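Peer 1: What follows is each chain in one-letter form.
Number of protein chains: 2
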Amino acid sequence: MSKPTPLSGFPELLPAQRAIERSVIASLSRTFELHGFANIETRVVEPLDRLAKGGEIDKEIYVLRRLQAEDAADDTGLGMHFDLTVPFARYVLENSGHLQFPFRRFQIQPAWRGERPQEGRYRQFTQADVDIVGQGELGFHHDVEVMRVMVEALAALPIPPVSFQFNNRKLIQGFYRGLGIADVTEAIRVIDKLDKLPADQVARQLIERVGATPEQAQRCLDLATIRVADTSFVERVRALGVEDELLETGLAELAAVVEGCSGAGGERVGVEANLRIARGLDYYTGTVVEIYMTGYERLKSVGGGGRYDALADDGKTTYPGVGVSFGVSRTLLPLLADGVLVGSRSVPSAVLVAVTDEESRPASTDVAQRLRANGVPCEVAASPQKFGKQIRFAERRGIPYVWFLTDDGHEVKDIRSGEQATADPDTWTPPDVDLHPQILIKEQQ
Amino acid sequence: MSKPTPLSGFPELLPAQRAIERSVIASLSRTFELHGFANIETRVVEPLDRLAKGGEIDKEIYVLRRLQAEDAADDTGLGMHFDLTVPFARYVLENSGHLQFPFRRFQIQPAWRGERPQEGRYRQFTQADVDIVGQGELGFHHDVEVMRVMVEALAALPIPPVSFQFNNRKLIQGFYRGLGIADVTEAIRVIDKLDKLPADQVARQLIERVGATPEQAQRCLDLATIRVADTSFVERVRALGVEDELLETGLAELAAVVEGCSGAGGERVGVEANLRIARGLDYYTGTVVEIYMTGYERLKSVGGGGRYDALADDGKTTYPGVGVSFGVSRTLLPLLADGVLVGSRSVPSAVLVAVTDEESRPASTDVAQRLRANGVPCEVAASPQKFGKQIRFAERRGIPYVWFLTDDGHEVKDIRSGEQATADPDTWTPPDVDLHPQILIKEQQ
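Residue numbers (my numbering), protein chains in the order written: chain U, 1 to 445; chain D, 446 to 890.
Hints listed in this document are in silico derivations from the structure and should not be mistaken for laboratory results.
Hints may contain errors.
Okay, derived cross-link-like pairs now, DSBU-like style, lysine-lysine, Cα gap no bigger than 35 angstroms in a straight line [claimed, not checked]: (1) U:K316 to D:K448; (2) D:K448 to D:K831; (3) D:K504 to U:K59.
Using C-beta positions, here's what the derived DEER-type ranges look like [to be verified]: (4) U:D366 to D:D877: 24 to 32 angstroms; (5) U:S360 to D:T872: 45 to 53 angstroms; (6) U:L240 to D:V878: 54 to 62 angstroms; (7) D:G740 to U:Q385: 44 to 52 angstroms; (8) D:D877 to U:A239: 53 to 61 angstroms; (9) D:D675 to U:Q385: 32 to 40 angstroms; (10) U:P47 to D:A601: 37 to 45 angstroms; (11) U:H98 to D:S447: 12 to 20 angstroms; (12) D:A601 to U:A26: 15 to 23 angstroms.
Source: prediction; values computed, not measured.
The C-beta atom is built at its ideal place from N, Cα and C for all residues, glycine as well.
Throw the hints in and build the complete structure from the sequences for me.
Peer 2: Here is the structure:
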């Protein structure tokens with residue numbers, strides 16, 4: 001074997017970084033479970049006819065074939081999932097007889113897309129999804145609930161502040177309809193370009209492509225520029241003078257979501273109504289959200305989701321859902337690469353038990369077992385080098401304590417301060433902060 | 446979408462079963478981390494030239510191609526890993542400059558093999574591997590250490606008793622060499638058939654294929670039938686009258702492993718020297734182990750591993766390793782299918798907070814938040830049905846408690862006993878046993 005090189009788009013983490021990722025995943029899971037969401041894990045493959053729907057994403061799907069299949073074209077008919085929504089919808093249909101609805105689940109797994117790798121976009125990436133799915137119907141209050149869960153979940157993470165930007169498809173559609181715009185879908189598609197084009201060009205396209213009058217176009221732009229951190233958007237939309245029943249429902253729903261999520265994440269999570277968020281064209285039917293991270297706006301959204309009135313459908317029953325997805329890899333990998341998040345050590349060990357000589361290794365192993373009995377992660381030195389070398393062995397791994405067996409008994413040294421004291425392996429524990437690896441958060445570069 | 450059917454060889458779990466799998470994975474991780482093993486996760490793909498080595502397994506490798514690649518034969522050159530050893534070896538080589546050796550890692554991930562599915566064998570399956578790898582050299586004491594960690598890890602799991610059956614390749618090779626058998630490799634291959642063939646046929650093959658004399662064949666069989674739960678095998682091997690330096694090293698190593706592991710797992714883990722364990726032909730160079738589960742001998746081993754003097758090699762440096770792998774899917778899926786392990790509930794929620802009417806939902810949500818602040822997982826009822834229906838809603842999910850807001854204040858009902866009492870949402874917590882889903886272990890069928 002020659003020395004291998006990394007594979008573009010398939011990032012891997014060193015142990016200290018992986019400890020951060022695991023801690024983030026554990027924290028997300030903890031919040032989701034406190035809210036009663038059950039974890040599931042789906043297989044990584046789906047039949048191709050469920051994955052490939054003729055959309056843009058199709059060409060990014062990885063298809064599996066057996067290495068020594070007779071014919072290179074002899075595929076298994078299976079592709080790797082490119083998100084967690086498609087497999088979740090399939091899981092719900094397949095197991096509907098065994099699930100209790102509304103079914104509340106979270107799922108934290110990798111997905112795969114054969115796209116061009118860039119910062120925040122990888123060929124293998126981990127996502128964390130929470131969804132609530134109903135059988136036949138699903139009350140609107142679940143929109144507030146699931147969004148609030150993600151607000152709390154991200155507030156608990158050691159990442160820069162994030163902002164949840166909410167909108168509602170009923171609000172947009174109702175507004176356009178009330179305004180007299182015929183092709184609502186095309187209008188949304190054009191307004192979605194506000195990211196890339198100046199407002200006057202967007203207005204011109206509304207007139208040319210959607211057949212809007214200049215006044216209608218202006219009001220579409222007026223709507224899209226409303227962005228507030230409270231429910232004052234309701235009055236501002238009403239001031240635009242459009243009347244529509246669906247618009248009223250959308251306004252009420254969006255107000256409930258903004259109100260229900262505000263403050264749930266403390267100072268570190270912003271909650272806004274941003275009336276130009278559309279989140280693609282199909283699929284969503286009510287609440288929509290995009291999540292952005294302060295200082296990392298270049299990544300575009302680090303998460304998003306919304307309400308879909310037909311997450312799944314087996315011909316007899318429709319399963320409406322509402323959910324939100326957080327890009328674990330998209331968020332963490334740039335933070336790790338930039339040195340914003342640093343792990344305090346590369347091993348779980350809080351203590352290195354020194355070895356005096358090979359003959360007394362069993363005594364050192366015994367100390368380690370007694371420390372472990374109290375939940376202290378530790379390891380025994382690999383070889384009976386001079387104590388100075390063993391201390392450096394610990395230092396290189398970031399292990400804060402070294403334990404010595406001396407003729408007089410036991411001593412433990414904090415190798416950061418140099419402080420050394422006698423200790424009893426049956427009762428000694430380090431301060432809580434030293435028990436497990438810590439995540440050090442540095443000022444952003 | 447029509448109702449989907451399960452995909453053979455790609456098992457998935459219902460939420461209550463998945464809770465068991467997660468709890469098992471958490472328990473394994475806890476033990477590994479107490480012993481200072483760092484977790485890593487490798488990407489699911491490897492370049493084909495690292496995976497396909499011309500062996501039997503090659504035809505089971507899944508290869509990736511992009512769905513809309515120009516040509517069906519236009520593969521990515523990537524295949525999915527079929528174990529965790531190949532990616533680990535590659536990871537060590539790739540990151541050798543950033544790792545501290547001996548490097549102690551655990552890895553719990555799926556692997557994929559396109560083989561015919563059967564009980565205990567799946568196309569996607571999860572394994573838990575612990576290994577220690579050195580740079581240039583790795584002391585023998587790490588053999589004892591890593592095996593002991595797995596003994597402790599399995600002892601902590603809610604599974605039937607397991608048995609670790611150890612042998613040592615140096616012992617076998619030294620014995621055969623000392624006996625005067627020229628083709629040691631072929632002799633091991635023949636002895637390995639003792640599982641399937643009667644002893645006299647194996648003896649005949651030793652004579653015919655390996656060129657052994659009848660007396661040599663008999664002594665090979667004598668060695669292979671030694672199986673004891675202590676170090677008395679040393680005397681029994683010596684009694685066979687073969688002398689060889691490598692044999693002596695092997696005897697000493699095997700005795701140290703058996704001694705070091707005995708008792709580490711209490712009553713629930715057996716530790717034996719079983720001198721016919723060979724574990725394949727190549728690769729291993731010292732300690733070898735197979736793990737069997739009581740009552741599930743039909744699964745063959747549920748784990749195994751050993752010492753390999755060249756886990757990886759980059760042309761300049763050799764990386765010896767010792768490790769052991771536990772088949773999480775292979776073990777758990779049959780136990781779940783047989784109803785030996787049953788989850789106590791399908792949701793994390795310990796409490797369902799009832800809703801009196803839609804108007805007072807915020808009051809119920811507030812109670813839930815106060816319970817969560819004390820670490821009590823809970824959920825709010827989906828709709829303000831009659832209380833009897835809300836209790837059945839909880840019952841179907843296995844949620845043990847329902848919380849009511851009455852005119853007089855708060856009351857919590859244990860729906861199993863029917864007992865109901867006033868409670869304060871800021872201080873009430875359920876008994877520990879009810880806080881999280883439990884694993885119920887039934888008598889084996």
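Peer 1: Provide an ascending list of the numbers of those earlier hints which the structure does not satisfy.
Peer 2: Violated hints: none; all satisfied.
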